[in-house]
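Peer 1: So the sequence lines, in the order shown, correspond to chains A and B.
In this text, residue positions in the first sequence follow this note's numbering: the first is 1, and each later residue adds one.
In this text, residue positions in the second sequence follow this note's numbering: the first is 1001, and each later residue adds one.
Bear in mind the hints are in silico, worked out from the structure with no lab data behind them.
Computed from a prediction, not measured in an experiment: that's the story for all the values here.
There may be inaccurate statements among the hints.
Unchecked claim - Below 30 Å or equal to it, Euclidean Cα-Cα: the simulated DSBU-like pairs (lysine-lysine) are:
{"#": "1", "chain 1": "A", "residue 1": "K15", "chain 2": "A", "residue 2": "K82"}
{"#": "2", "chain 1": "A", "residue 1": "K81", "chain 2": "B", "residue 2": "K1030"}
{"#": "3", "chain 1": "B", "residue 1": "K1033", "chain 2": "A", "residue 2": "K15"}
{"#": "4", "chain 1": "A", "residue 1": "K78", "chain 2": "B", "residue 2": "K1032"}
{"#": "5", "chain 1": "B", "residue 1": "K1030", "chain 2": "A", "residue 2": "K20"}
{"#": "6", "chain 1": "B", "residue 1": "K1030", "chain 2": "A", "residue 2": "K54"}
{"#": "7", "chain 1": "B", "residue 1": "K1033", "chain 2": "A", "residue 2": "K54"}
{"#": "8", "chain 1": "B", "residue 1": "K1032", "chain 2": "A", "residue 2": "K15"}
{"#": "9", "chain 1": "A", "residue 1": "K23", "chain 2": "B", "residue 2": "K1030"}
{"#": "10", "chain 1": "B", "residue 1": "K1058", "chain 2": "A", "residue 2": "K78"}
{"#": "11", "chain 1": "A", "residue 1": "K54", "chain 2": "A", "residue 2": "K178"}
{"#": "12", "chain 1": "B", "residue 1": "K1032", "chain 2": "A", "residue 2": "K54"}
{"#": "13", "chain 1": "A", "residue 1": "K78", "chain 2": "A", "residue 2": "K23"}
{"#": "14", "chain 1": "A", "residue 1": "K114", "chain 2": "A", "residue 2": "K78"}
{"#": "15", "chain 1": "A", "residue 1": "K15", "chain 2": "A", "residue 2": "K30"}
{"#": "16", "chain 1": "A", "residue 1": "K15", "chain 2": "A", "residue 2": "K78"}
{"#": "17", "chain 1": "A", "residue 1": "K81", "chain 2": "B", "residue 2": "K1032"}
{"#": "18", "chain 1": "A", "residue 1": "K120", "chain 2": "A", "residue 2": "K178"}
{"#": "19", "chain 1": "B", "residue 1": "K1058", "chain 2": "A", "residue 2": "K15"}
{"#": "20", "chain 1": "A", "residue 1": "K120", "chain 2": "A", "residue 2": "K78"}
{"#": "21", "chain 1": "A", "residue 1": "K124", "chain 2": "A", "residue 2": "K20"}
{"#": "22", "chain 1": "B", "residue 1": "K1058", "chain 2": "A", "residue 2": "K20"}
Stated by the list, open to error - According to the in silico footprint, chain B covers these stretches of chain A (three or more CB under 8 Å from chain B):
{"#": "23", "region": "16–28"}
{"#": "24", "region": "82–90"}
For each residue, glycine too, the CB sits at the ideal point set by N, CA and C.
Residues per chain, in single letters:
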Amino acid sequence: MNTNATAPHFEEIVKAYDAKVYKLCWYLLKNRSDAQDCTQDIFIAIFQALPHFKQESSLNTWIYRISTNKCYEYIRRKKRKKRFGIHVQIDLFFSQTIASQQHNPEEIALAAEKSLFFWKAVEKLPPQQQIAYTLYNVEDMSYQEIAAALQTSLSAVESLLFRARRKLAEALAEWDNK
Amino acid sequence: MEQENFYAQQPIIPLGLRQQLLQAPQIVNKQKKERSFWLLTACFFLLLNFGLYIQYEKQQEEAALAPYHYLTHSYQYP
């Protein structure tokens, strides 16, 4: 396919989805440079796959399918790195996700610790659960949309979200009991 | 968990991200050029290797036939 013919279309996609895709990568990878690299890889994959897009699904679903596949690769790579002792830092932002909702310094410090505890618990989830949970919370996607993005059934999404919520609730309960 | 929304904060989008993403067509073209270059280089060395092998085989054949030629077609042979 002619590159020039897809160029304006690709530009429109970038303008409409750059922030959304970056946000998804950011919440899944929890690291600025990884999120930026992953977003770049996603848009390269989108550009390469654009001539083959048959409009069988909506553009939104198609983009999220590519994004989740790439994020899945990155999460697995990150887990492999961890196994070899290379630790990728969680950005400071994630220790402050609920701290801004507090008022006094002690509560802010506690909230920061709790945030970090929560995100570490999220990191421990299997990649599919992480992705499903993030899509549900960050993008406010419906179960059907998540199923389409992950190329799985509705019941599988329900199960993924149920297990993710249960594990995170257990982690937070453990925090509260400390 | 309902009271504490860990996903409420918006991440800061890096400056120049859009410009970086719009470079995708150029990156893909560059990757294609690089891939063709390495493919051509690999093909060249493969052909060179094959050519040298054929030449070596020919030389071996000629070397094997040389004594026979000497014995059958040489004036020095009694």
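Peer 1: Each hint needs a verdict: does it hold in this structure or not?
Peer 2: Now the hints, each set against the structure:
no.: 1; hint: A:K15 / A:K82; verdict: violated, 34 Å
no.: 2; hint: A:K81 / B:K1030; verdict: holds, 29 Å
no.: 3; hint: B:K1033 / A:K15; verdict: holds, 27 Å
no.: 4; hint: A:K78 / B:K1032; verdict: holds, 28 Å
no.: 5; hint: B:K1030 / A:K20; verdict: holds, 27 Å
no.: 6; hint: B:K1030 / A:K54; verdict: holds, 26 Å
no.: 7; hint: B:K1033 / A:K54; verdict: holds, 27 Å
no.: 8; hint: B:K1032 / A:K15; verdict: holds, 25 Å
no.: 9; hint: A:K23 / B:K1030; verdict: holds, 28 Å
no.: 10; hint: B:K1058 / A:K78; verdict: violated, 55 Å
no.: 11; hint: A:K54 / A:K178; verdict: violated, 53 Å
no.: 12; hint: B:K1032 / A:K54; verdict: holds, 23 Å
no.: 13; hint: A:K78 / A:K23; verdict: holds, 18 Å
no.: 14; hint: A:K114 / A:K78; verdict: holds, 23 Å
no.: 15; hint: A:K15 / A:K30; verdict: holds, 23 Å
no.: 16; hint: A:K15 / A:K78; verdict: holds, 28 Å
no.: 17; hint: A:K81 / B:K1032; verdict: holds, 29 Å
no.: 18; hint: A:K120 / A:K178; verdict: holds, 16 Å
no.: 19; hint: B:K1058 / A:K15; verdict: violated, 63 Å
no.: 20; hint: A:K120 / A:K78; verdict: holds, 13 Å
no.: 21; hint: A:K124 / A:K20; verdict: holds, 24 Å
no.: 22; hint: B:K1058 / A:K20; verdict: violated, 65 Å
no.: 23; hint: 16–28; verdict: holds (count 6)
no.: 24; hint: 82–90; verdict: violated (count 0)
The structure shown violates the earlier hints numbered 1, 10, 11, 19, 22 and 24.
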